[in-house]
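Chains as they are written, first to last, in numbering that gives the first Met the number 0: chain A, 0 to 488; chain B, 0 to 100.
No incorrect hints appear here.
Covered stretches of chain A (chain B as the covering partner; in silico rule of three or more C-beta atoms under 8 angstroms from a C-beta of chain B):
#, segment
1, 15–25
2, 40–47
3, 50–62
4, 145–152
5, 277–290
It should be emphasised that the hints constitute simulated quantities derived from the structure, not laboratory data.
Here a beta-carbon is modelled for each residue, glycine too, at the ideal position from N, C-alpha and C.
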Amino acid sequence: MPVEDYDIVIGLESHARLLTETKMFCGCLTRFGAEPNSQTCPVCIGMPGVLPVTNRKAVMLGLRAALAFRCEIPARMRFDRKNYYYPDIPKNYQVSQNYSPVGAGGFVEIEADGVRKRIGLDNIHLEEDAGRLMHPEGSGADYSTVDLNRAGTPLLEIVTRPDMSSLTEVEAYMETLRRTLEALEISDCRMEEGSLRFEASISLKPLGSTTLGKRVEIKNLNSTRAVLNCLEYEIRRQAAALDAGEPLTQETRLYNETTGRSERMRSKEEAHDYRYFPEPDLGPIVVLDEWLDRIRSEMPELPNLRKWRFQEAYSLPAYDAGVLTQKRSIADYFEETIAAAEAMGAEAADLAKQVSNWLMGPILREVNERRVDIAGLNIPPAHLAELVGLIQKGTISKNIAQDLVPIMIETGDPPETIASRRGMIQISDAYAVEKLVSDVLEAHGKQVAEYKDGKKAVLGFLMGQVMRQAKGKANPQVVREILTRTLQS
Amino acid sequence: MAGERAGIDVGTVRYVAGLCRLELTGDEEELFAAQLSDILNYIDKLNELDTSEVEPLAQAIEIPNVFRDDAPRGSLEVSEALANAPEKTGGFYKVPAVLEG
Numbered sequence: 000m001p002v003e004d005y006d007i008v009i010g011l012e013s014h015a016r017l018l019t020e021t022k023m024f025c026g027c028l029t030r031f032g033a034e035p036n037s038q039t040c041p042v043c044i045g046m047p048g049v050l051p052v053t054n055r056k057a058v059m060l061g062l063r064a065a066l067a068f069r070c071e072i073p074a075r076m077r078f079d080r081k082n083y084y085y086p087d088i089p090k091n092y093q094v095s096q097n098y099s100p101v102g103a104g105g106f107v108e109i110e111a112d113g114v115r116k117r118i119g120l121d122n123i124h125l126e127e128d129a130g131r132l133m134h135p136e137g138s139g140a141d142y143s144t145v146d147l148n149r150a151g152t153p154l155l156e157i158v159t160r161p162d163m164s165s166l167t168e169v170e171a172y173m174e175t176l177r178r179t180l181e182a183l184e185i186s187d188c189r190m191e192e193g194s195l196r197f198e199a200s201i202s203l204k205p206l207g208s209t210t211l212g213k214r215v216e217i218k219n220l221n222s223t224r225a226v227l228n229c230l231e232y233e234i235r236r237q238a239a240a241l242d243a244g245e246p247l248t249q250e251t252r253l254y255n256e257t258t259g260r261s262e263r264m265r266s267k268e269e270a271h272d273y274r275y276f277p278e279p280d281l282g283p284i285v286v287l288d289e290w291l292d293r294i295r296s297e298m299p300e301l302p303n304l305r306k307w308r309f310q311e312a313y314s315l316p317a318y319d320a321g322v323l324t325q326k327r328s329i330a331d332y333f334e335e336t337i338a339a340a341e342a343m344g345a346e347a348a349d350l351a352k353q354v355s356n357w358l359m360g361p362i363l364r365e366v367n368e369r370r371v372d373i374a375g376l377n378i379p380p381a382h383l384a385e386l387v388g389l390i391q392k393g394t395i396s397k398n399i400a401q402d403l404v405p406i407m408i409e410t411g412d413p414p415e416t417i418a419s420r421r422g423m424i425q426i427s428d429a430y431a432v433e434k435l436v437s438d439v440l441e442a443h444g445k446q447v448a449e450y451k452d453g454k455k456a457v458l459g460f461l462m463g464q465v466m467r468q469a470k471g472k473a474n475p476q477v478v479r480e481i482l483t484r485t486l487q488s
Numbered sequence: 000m001a002g003e004r005a006g007i008d009v010g011t012v013r014y015v016a017g018l019c020r021l022e023l024t025g026d027e028e029e030l031f032a033a034q035l036s037d038i039l040n041y042i043d044k045l046n047e048l049d050t051s052e053v054e055p056l057a058q059a060i061e062i063p064n065v066f067r068d069d070a071p072r073g074s075l076e077v078s079e080a081l082a083n084a085p086e087k088t089g090g091f092y093k094v095p096a097v098l099e100g
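The shape of chain A in the complex, shown without the other chains (with noise of 0.2 angstroms):
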């Protein structure tokens, strides 16, 4: 059977580091890149005899998570020991939640295709991280290296029910998960530094089969490429397997990104039994209405819902609305420039796209090419607001505008100021346009013959002289209208 005759079930859970500056139980920095083992304290390298402190931030974030995504938060949780013996974690038991995650159920609510799903929440919960652990290149080593600068970093679990069914969802949730840690800044996501790491659950059964799949877990996915890719091969190659009449096990694989294929992990890797217990070390955590109250006050809209309200408040396409919420700056910034607009009196139906236009071309090209945050560019909003304003009003062309920019982010003056200093300003004023039409015709009375013969054409000359008399400062709208005008009469 071709892949399309099988239900695809598919569950992610994702590890994000938040956005702290120490570690989760002790006051080492948690900053990437660091000199090897050079973050590390008695606490998080495990020595005996020390007790761990709950960083305040941490928590907080968790419960701006569990806000965020609608999870029911505990009245009162705790952390619990999770027991392996890894050379990645000295202590030989992990600090995680278990049994009173910081949330529990919830959703992220994803737009794949332009429909609109709730990928439902089994839990979120806080947890330290591990160290690294890595093999020296090349053949020959008999040993590995481990960094502890990383054991003790506060992670943000997010584990989702099976409720995906194709690759596309999978993209829109870990981009909509992605953008929503970001605006909320509860983790950077950057997945090159292990900022965002992902695990998938994956199976497949017979299109409208009840009895689920074997689930085939993948550990090791470390980009959304990578989570991407690794699934397509999975269903690729269970498929193939339920095809040709051979049982799928339960399993866990692991991905290997240089090779695109996952690979079944060594029983004995797998055979975990974690035996989770209360932490004794560290005391329980009441969560207190004050710190949710405080958590709501300051909480921003979630991206995917303003870029929802964008496409409906200001009836922008779905694509402008995605740009403009890709960040809390950005979108920010396109409400100021609106409101700016407003208040300078502008009421053009297409407003609200004219700034759109503005901002994802122009402006966004200069964030981009020049590294700012929008904020940074020297153009607050008021003045990109003028700057529509004044086109509108046809007191400067387009291509005027677009030569605006630029000076308007060395200068930091407001577009009408720059134009009218450097006679920018456009001719626009129906006297002197008719005066330099009157000029032209004069000086090529044989091109107004051939035109009236009909030869519509040199319509374009003509325009193409007032324009140059002009110093291509008129309004081409008005020239044209005039010069019909002129002609015909």
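Model the placement of chain B on the given structure of chain A, informed by the hints.
Same frame as chain A, now just chain B:
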């Protein structure tokens, strides 16, 4: 007596030793099976009490909401951190080869 109720047999000892990355001899497995069974039987005495109405307790004195601010406190020097490591190389702990996958 030993091992009758808690039933820690040699198989369980082997399994737990595996989780703990411990290598035991056959004699040790027998010995520990008996000892662990004794310990569990002793603890089993607690099961004589009815605790169905009692919440599980993780700590004798629970102090809720003990936090620290997200402020750096300084870390060990690399040499100090590695001081107890049986083997090290270039600022890293050196451990037996671990091949993922």
